[in-house]
Each structure stands twice: as C-alpha cells, then as structure tokens.
Amino acid sequence: MNKKSLACIILIIMFIPVITGCDAIKANSKNPQTLTLWHNYGGQLKDTMDDMVDEFNETVAADKGIIINVTSISGSATLHEKLLMAANGDPGAPILPDITTAYPKTALILAEKGLLADLNEQFSSQELSAYIPEFLQEGRLLGEHLYVFPTAKSTEVLFVNRTIFDRFASDTGVRIEDLLTFEGIIRTAELYYDWTDKQTPHTANDGKMFFMPDSVFNYSMVAYKQLGDEFIKNDSINFTSPKFSKVWECYHKPAVLGQVAVFDGYATDLAKTGDIICSTGSTAGVSFFSPTVTYADNTSEPAELDILPYPVFAGGKKVAVQRGAGMCVIKSTKEKEYLAGIFLKWFTSPENNLRFVSSTGYLPVTEEAFGEIMSQEIKNISDDNIKKLLQTSRIMQKEYQFYIPPLFDGMDELQIEYEKHLKDTVAESRNTYIDLVNDSDSAAAYEAASNGKYQDFINK
Amino acid sequence: MNNILMKKIDLIKQEIRKTGTEAVPMNLRLFLFLLVLVLTIVLGVVVILFITGTFTAGLSESEHMIENELLHAEQGITKQYGELSIQAIEFSRELSGSIEEEAHKLGIPLSNLQDHPEMLEELISNEFDRSLFFLQRSKSSGVFFILNATINPALDNAKNSRAGLYIKNMEPNIISNSAPNIIILRGMPGISRKNSLSLHTQWKMEFDVSDAPYYHRPISAAHANHKLPLSRLYYWSTVFTLPDTSEEVMLCSVPLIDSRGNIYGVCGFEISTMLFKLSHMPNNNTFNRLFCMLSPVTESIELNKSMVAGGYSARIISKGDDTLKISENRRAFYSYRNQDNSFLGIHKLAHLYPKGSAFSDEKWAVAILVPEEDIVNSITRLNLILISLLMILVILGIILSFVLSRRFLKPITEGLDIIRSTDLSEAPRTRIAEIDDLIDFLAAHNEELYEKASQENLSISILDKFLENTQNLSPAERAVFDLYVKGHTAKEIAEILCLSINTIKTHNKRIYMKLNVASREELLLYISLLNEIGSDI
Numbered sequence: 001m002n003k004k005s006l007a008c009i010i011l012i013i014m015f016i017p018v019i020t021g022c023d024a025i026k027a028n029s030k031n032p033q034t035l036t037l038w039h040n041y042g043g044q045l046k047d048t049m050d051d052m053v054d055e056f057n058e059t060v061a062a063d064k065g066i067i068i069n070v071t072s073i074s075g076s077a078t079l080h081e082k083l084l085m086a087a088n089g090d091p092g093a094p095i096l097p098d099i100t101t102a103y104p105k106t107a108l109i110l111a112e113k114g115l116l117a118d119l120n121e122q123f124s125s126q127e128l129s130a131y132i133p134e135f136l137q138e139g140r141l142l143g144e145h146l147y148v149f150p151t152a153k154s155t156e157v158l159f160v161n162r163t164i165f166d167r168f169a170s171d172t173g174v175r176i177e178d179l180l181t182f183e184g185i186i187r188t189a190e191l192y193y194d195w196t197d198k199q200t201p202h203t204a205n206d207g208k209m210f211f212m213p214d215s216v217f218n219y220s221m222v223a224y225k226q227l228g229d230e231f232i233k234n235d236s237i238n239f240t241s242p243k244f245s246k247v248w249e250c251y252h253k254p255a256v257l258g259q260v261a262v263f264d265g266y267a268t269d270l271a272k273t274g275d276i277i278c279s280t281g282s283t284a285g286v287s288f289f290s291p292t293v294t295y296a297d298n299t300s301e302p303a304e305l306d307i308l309p310y311p312v313f314a315g316g317k318k319v320a321v322q323r324g325a326g327m328c329v330i331k332s333t334k335e336k337e338y339l340a341g342i343f344l345k346w347f348t349s350p351e352n353n354l355r356f357v358s359s360t361g362y363l364p365v366t367e368e369a370f371g372e373i374m375s376q377e378i379k380n381i382s383d384d385n386i387k388k389l390l391q392t393s394r395i396m397q398k399e400y401q402f403y404i405p406p407l408f409d410g411m412d413e414l415q416i417e418y419e420k421h422l423k424d425t426v427a428e429s430r431n432t433y434i435d436l437v438n439d440s441d442s443a444a445a446y447e448a449a450s451n452g453k454y455q456d457f458i459n460k
Numbered sequence: 001m002n003n004i005l006m007k008k009i010d011l012i013k014q015e016i017r018k019t020g021t022e023a024v025p026m027n028l029r030l031f032l033f034l035l036v037l038v039l040t041i042v043l044g045v046v047v048i049l050f051i052t053g054t055f056t057a058g059l060s061e062s063e064h065m066i067e068n069e070l071l072h073a074e075q076g077i078t079k080q081y082g083e084l085s086i087q088a089i090e091f092s093r094e095l096s097g098s099i100e101e102e103a104h105k106l107g108i109p110l111s112n113l114q115d116h117p118e119m120l121e122e123l124i125s126n127e128f129d130r131s132l133f134f135l136q137r138s139k140s141s142g143v144f145f146i147l148n149a150t151i152n153p154a155l156d157n158a159k160n161s162r163a164g165l166y167i168k169n170m171e172p173n174i175i176s177n178s179a180p181n182i183i184i185l186r187g188m189p190g191i192s193r194k195n196s197l198s199l200h201t202q203w204k205m206e207f208d209v210s211d212a213p214y215y216h217r218p219i220s221a222a223h224a225n226h227k228l229p230l231s232r233l234y235y236w237s238t239v240f241t242l243p244d245t246s247e248e249v250m251l252c253s254v255p256l257i258d259s260r261g262n263i264y265g266v267c268g269f270e271i272s273t274m275l276f277k278l279s280h281m282p283n284n285n286t287f288n289r290l291f292c293m294l295s296p297v298t299e300s301i302e303l304n305k306s307m308v309a310g311g312y313s314a315r316i317i318s319k320g321d322d323t324l325k326i327s328e329n330r331r332a333f334y335s336y337r338n339q340d341n342s343f344l345g346i347h348k349l350a351h352l353y354p355k356g357s358a359f360s361d362e363k364w365a366v367a368i369l370v371p372e373e374d375i376v377n378s379i380t381r382l383n384l385i386l387i388s389l390l391m392i393l394v395i396l397g398i399i400l401s402f403v404l405s406r407r408f409l410k411p412i413t414e415g416l417d418i419i420r421s422t423d424l425s426e427a428p429r430t431r432i433a434e435i436d437d438l439i440d441f442l443a444a445h446n447e448e449l450y451e452k453a454s455q456e457n458l459s460i461s462i463l464d465k466f467l468e469n470t471q472n473l474s475p476a477e478r479a480v481f482d483l484y485v486k487g488h489t490a491k492e493i494a495e496i497l498c499l500s501i502n503t504i505k506t507h508n509k510r511i512y513m514k515l516n517v518a519s520r521e522e523l524l525l526y527i528s529l530l531n532e533i534g535s536d537i
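Line by line, the protein sequences give chains R and B. Residue numbering for the first sequence follows our numbering, starting at 1 and increasing by one per position. Residue numbering for the second sequence follows our numbering, starting at 1 and increasing by one per position.
These aren't lab readings, by the way, just hints derived from the structure by calculation. Think of the CB as a built atom: it goes at the ideal place given N, C-alpha and C, for glycine as much as any other residue. Mixed in with the good hints, there may be bad ones.
Residues on chain R that point at chain B, a partial pick, calculated with CB under 10 Å [as the list claims (entries may be wrong)]:
hint : residue
1    : Gln-33
2    : Gly-143
3    : His-145
4    : Gly-265
5    : Asp-275
6    : Phe-288
7    : Ser-290
8    : Asn-298
9    : Pro-302
10   : Gly-315
11   : Asn-380
12   : Asp-383
13   : Asn-385
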C-alpha cells in the first residue's frame, strides 16, 4: 500500500463521523414541511376528514416529513369566493393554502392566473391509469394540464323523506316508482299539495311543497342532455331549442302552484323542517339531511331517507351530472408540490378513498375502489343513508351516462344569472298567483300569473 | 594500514546511518510537534465553546424564541378575549334593553317569559339585526343569545330546551359580508328564511342546555351576586362541542338582566377552534410543530378543554390521554407530558377575568409548546455541525502539519544528502544559511582531516621502511633486536644471550646501520611507535 492510499484511507476514516453525522440528521429529522389545506368537508364530514388528516399526519406524513394543517373548512360556495379573493389579492384575503378542494370552475380561474401546479408531474401515467378516466378528464384544464385531482366525486340523486312519503302514499296510493321520472314527480307533487291542503280544511290553498331541485341550472342542463340536446351552446344558453319548454313546464308551473320550492338555499334546509319531502341534489349532500324533521312548534319526528337514481324525463336517456370538487395543489416549491402529491396519493388510495366515501356519500375515484371492493364495503357500512346512497350510485354508475358540464370563462356568471332570472320569474308569477287564487280557481289564476312569462323569459 | 582506516570510516558511516533509521526521523518528529500544536488549538477552541455556552446556545436560542412567541401569543389572546368580553357586555346591555322594551310593548313581563311561548319568535326575530351587527363587529365566529323559555313547554325535554338565536360566521377572518359565510345554527327557521340565510347542517331550533355551563354558570353567578356589574359576571367556557355539532368552540356568555334585576337568559360570542388557530398560530419557521394553547390550568393541562393553534393537532396529542402533566426543568423550559407525548415549552397565566369577577378563581394559561424531540434534534443538529467543523479543522490541521513538516524539512534532508556526498566543496547552495554554513564548515573540516591523514600516511611510510629493513638483519642481530623490542637493556641482552657487552655493541652498530637509525633511543622510538599502532614487528 503506498503512502497516498494510506492517506486516503486515513482521511475517509476521519470523515466517517462527519458523514454519518449528516446522515443521522436526515434520518432523524423531525423538521417536516407544513402544508396548509382548505377543504369543504364541514359539518358531519368534518370528523371523517379530521380523522383522515390526523391518520396521515401520524403515519405517512411522519415518515416523509409532512404536516397537513387544515386552515379552513368552508362551504363550497364560500371556498370558491375565498379562493378567488386570495388569488386576486383582495384586501383582507387570506394567503392561498398549499392544497385546496376546488370545483373545476374555480380551478380554471386559478389556473389561468398560473397559480396551480400541474399534477401530471406528481403522478406517473401508470398511477393515473388507476383512476376513472372521466373523473381525471374533468380536472384537465387549459390543455392536458391536470389541475384538479379527483379525490371524491359526486353525482345527483333523488332524496325522499320516506317517513312522510309513506304516510302520504298510504292515503293516496302513489308509489315510490312514480318518482323515477320528472313527470311522475310533478304529478306526485300536485297530489301531495292537495293531500296536505286537505289536512287543514279551514285554510284554503295552504298545501305543502313536495319537491325542489337543488340546482335549477344542473336540472336544466341534464334535462337537455336527457332529451338529446345541449343546454349550453357557444358559451350561452340554448333557448332556441324546443327542449326548454319541457324544462319550463316541469319547473315553472308546479313552482307557481306551490308544489315545487323556489328557494335560494339548499333543499336540505327545507327538508329539515318538513317543508319539502323530495329533492334532487348532490350525493355528497346526504350527510346534510337531518335524521329528524323539526316542525314549527319544535316537535320533531325521525325521518327515514330514501335515495333513488336521478329522475329521467319520459322518453329521455339516463343522464346525470358529474359533480364534486377535486383537490388542487397551489404552485409553490417543487418540494411542497411533491409532498402534496404524496398526500393526494394516500388520500385517494382505494382503501382510504373508500373509507372517506363510506362515511361521506361521495363516490370513489379509482376503478378498483368502485369495483368489487365497494360492493363489499357497502355491506359493512353502518350508516343506512350512506349504504342506500352507494347502492344507488352503483346502479347509476352502470346505467347512467355522466355529463360533465362545459367549462369556459363566464360559466359561473351565466349559471348565477340564469338561476336568479328563473327564480325571480317564478317568484313573481307565484306572488301574482297567490294574489289571484283566493278570488278565482287555480287554473285561471295560474293562467293569469304565467301569461307571456315563457316568451319573456327566453327572449330576455 | 590504509585498509584498516577505510574500514574504520565505513563503520562510522554505517553507525550514523543506523542511528538515523532507528531513531524518530526529523520529519515525523516535526509532524508530531505540529500535530500537538493543532490539537492544542482545537482543544482550546472546544474549551472556549464550552465556556461561552456555544454548545448549549441552541437551547438558549430556542428558549428565547419561544419566550417571544409566548409574549406575542399572550398579548394577542388577551386582546382578543378582552375585546370580546367587553363587546359581550355591551351586547348584553343593548339586547337586554331592546328585549325589555319589546316585551313591554307586547305586554309580557320578562320574569314570566315562559308563559308566552307564542311571542318568542317575534322577540327573537327582532334581535336578528342587532345580533348580526355585533357578530360582524366583534370578528368572532358566532353570536348567540338564549332566553329562559322554550317555544313548546309541552315537549319531553322542554326543561332543557331554550329558545334563542345562534348565528355563525364561517369565515370571521375574512373581511366580507357575503351571505354564504353567515348561517343559522340555532333559531327558528323563519328567521333564516326571512333573512335569506342558510341553516347550518347541524341546525336545531333550540338550545339544549342540559349540560351547558355557558348558560347556567353566568345565570347562577348573577343570582348569587346581585350587586356585581356585568363586567364581573361574564363567563368563558372551556373548549367544548355544542350538542349535535362537530365543531369545538369557546363561548363567552353574559347574563341578560332587565332593569328590575330579572335574569332571563344569556348572550355572548363564540371563538371557534379554527378562528383561534388562524388568529394565534405561532411563527413556525424554526419549529414546524410549534403550537400555542389556551388552557384552563391547575397542575396539569386538560387538552380536551384547550384551544390549540399550530401545526400540531391537539387531537393527536390527546389520543389516549388528554392530560398533560407540567413539571419544571432545572435548565430551561417546562416539561409537559402525557402517556405518549412529551413537550417542552413555557406558559404564562392569561387574565380572562378582571379582579372581583365571579369567576376570577378560574385560572387560564397561554402556553407555547414544541415536541421535545424537535428541540433535542435541533440542538443535536447544531452541535453536530459544530463538531463536524471542529473535525474538519483537525483534519485540515493534520494535512497542513504533514505538508508543512515535509516542506520545511525538504531542504534539510537535501542538505544532508549533500553532506553525505563526497565533494562538499563543490556542493550547491541550499539557500538556508545554517545548512550552507554547516556545509562550509564540514567542507573545511574534511580538508583538515585529509591533511592530517596525508601526514599520517607519511609517518606510516617511514615505519613501513623501518619494518622492511628489519628483514635485512642477521639472525644474531635479529635476536638482539627482538630483545630490544621486548624492552630489555643492552646489559640484560648480553646476559640473556651469554655474549659480552662488546659483542652486543658490535651487533648494535650493525643493527643501527641496517635499520638506518642513529642511536639506541631512535631505535626504541620506532619500536614504541610500531607497538602503538599494533603492528607486528
């Protein structure tokens, strides 16, 4: 061994403590990166989400050096507004988080401002192949950039207060199957109004509302799709289609007559107080239904919820809207984006995804989770409502076509404007109807209240 | 003779070389000296670092940082809670006056509110705007008032059901009055619909006060202390979850008292765990898992009654054991431990109540905590860096010592090689004065030696001639000569050889002639010289 080799060996031996010392710092590092998370899984979903975040922080995150810190739990509308405020740097706006749940419409605005990280970089094509392609497709914006990662999706179903419906059905002979079509629902709503009106014979025209579509915009889009047309054409509403008359017919008339609710809030608000017993809404809304109905005198009764597939217009195709926010990663450092990717992979792994789904009412996002595992998991779910919901979702997954609403600049404003215009028109007719109905028969009052409204509406 | 001398010189040279190889070489000796110097310096640095507390600087720095965070958090919390307390008192005064006035108009005495449940919705609905105004002004996450009455006294749970209004602001940190943020948690649905507000997903019409210290305690305190003003009667609940809801909150409640002293409910504000978290999250640049707590404090901290703000989830800490035991450390920080977790930090009493308050015996503390392992890791990391730097210093010192010792000795060894060379007089200069002097000296010395040796060679040749001449002696002369060599006198030789002294003298003359000496003294000198060099005569 020559002197040089000996010197090298001595140097290496002397540096070993330094080198191993450095390794020890890395291996024992308890100085993780904090990733802030905003989500819209509030209310009953909060416990599930909190448990999952805690579990992640205790297991994978502890190994990888991540802390997920939830810094906002808001409703999806508030979250949308808050994200836009933060993105625009409005006064008083908070700093954008590292990860947030967002609808594609919100994500598009953020992506256009260059605020979102492309998640294609965090997932290999093999990893992405495990996810349901339609769900991934919904999150691909501005080309093929994957900006919204599907974490839990939803569609719309029909929720029915079975307790009240059964009471009504036993008196009137209506069947739950009648609720499978919009036309059936409208007929049933009329019968329900009459049935409730008769329960207070001393007060005329005080029948109760039966049905409410949670989003009249979704209702209109899906109606067109079911009937074979497109509601949105050239980034505006296709009022020239004859299909709109069907949309109008099944909403305007029963709403003016007080059988269908026109309400700015969620249908669950009215369902809580027994003001409606049937509504179409997001599967994720299942946890918003109270197990009891509370009446005006603070008496309450347990309410069994039934969940049916999304109604279809007579002769129409089985189509339902595809909904649900995904998760977006805000562009920051490569390290943070990588760590956020780890969280998303963990959160959407079939086992964790199903755990989340089975206590919230969302739909799983991987083929594996939607398959046999889900049918097994359904058996173990203790919450009857979630069980019913997932069973219905599986049926819809097999039989329905899911419609992804178009996404373009101004879509949000278009939706807001349409809903407001439609509700205002209906409310106006309804007020006129109420004024007239006590002095004339219902049909004449409706005729007077709705005269020319359709033309006015589509021409405005 | 020459051979013998040369052999002798060779032997001396070999000895010198041998000594050189067996003893410690100069370069190693110098390297070791320099190494000792380096190690002494490094040791000195280590001692200085110890004395100046650099090895424990991380701990002091962390303590200082956490103290600052505590100060900041304590000020923030005291301000927020203080302002909310003041506003709750103001809310109570305004609400009491307004409800009393309205009740008076309706002809209902507030002492008998329960006798007129049909009036409750109107009474409550009238206070919606005021409540919403206070909610938005207070920047709290909720405002509520509860009247000592229920809308339906006939219900089974009527004695625990109280009518009122609870409005939540889901985003109190955002300066925005947009409707989706404001929702109704408790209250008649007519109020939410009239004001186009949503019902909370966990909405109920009335408050369940079966286990509601936030309702009973301020009312009891007001009953027990008639003369105490509202500023001494407000009450901060510990963290709890309202029945049938998911979110943990703290409520500040103040009794509602009419002008006649009737106590007919409470009102106040909410601080949700999210609001607390967003308002008081400590700066976690140094420690990611640093968190702030507001806790009712005794000898321990009850986690399930505490507000927590930071990157660390209180739910994780409190799993299994929700009590953190506090113990004081000798050096720095307090220790806070439960079954599975250990934290270091400091705490300070927070004054949620003024002097003379009915609840002033309830102690609250603000604490800043960090997992113990995070602090230990941070200090270890700092010290590892220091040790690594010292190691690098030592290694560089060793390398430098090695290089310097070699470079320093290079001219010396070259000088030695020159010295070892045969001709010093023509040796090149080394540019080191001492070595050049030595070479000069040795060159001069060598010359002297050669001169001596030449002289010695001359003497040796005379002796050799003398020895050669002894070969010419006759046997009789040789016998006489040998006895001279043995040191005998002429007389002794005459006796030994049984010859006359004259015969001896004759032999002597011949010997002198043949050996080319002039006298017996010269002869004896030659013999003596030959004996000295050990030559065989």
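Violated hints, by number in ascending order, as checked against the structure
2, 3, 9, 10, 11, 12, 13
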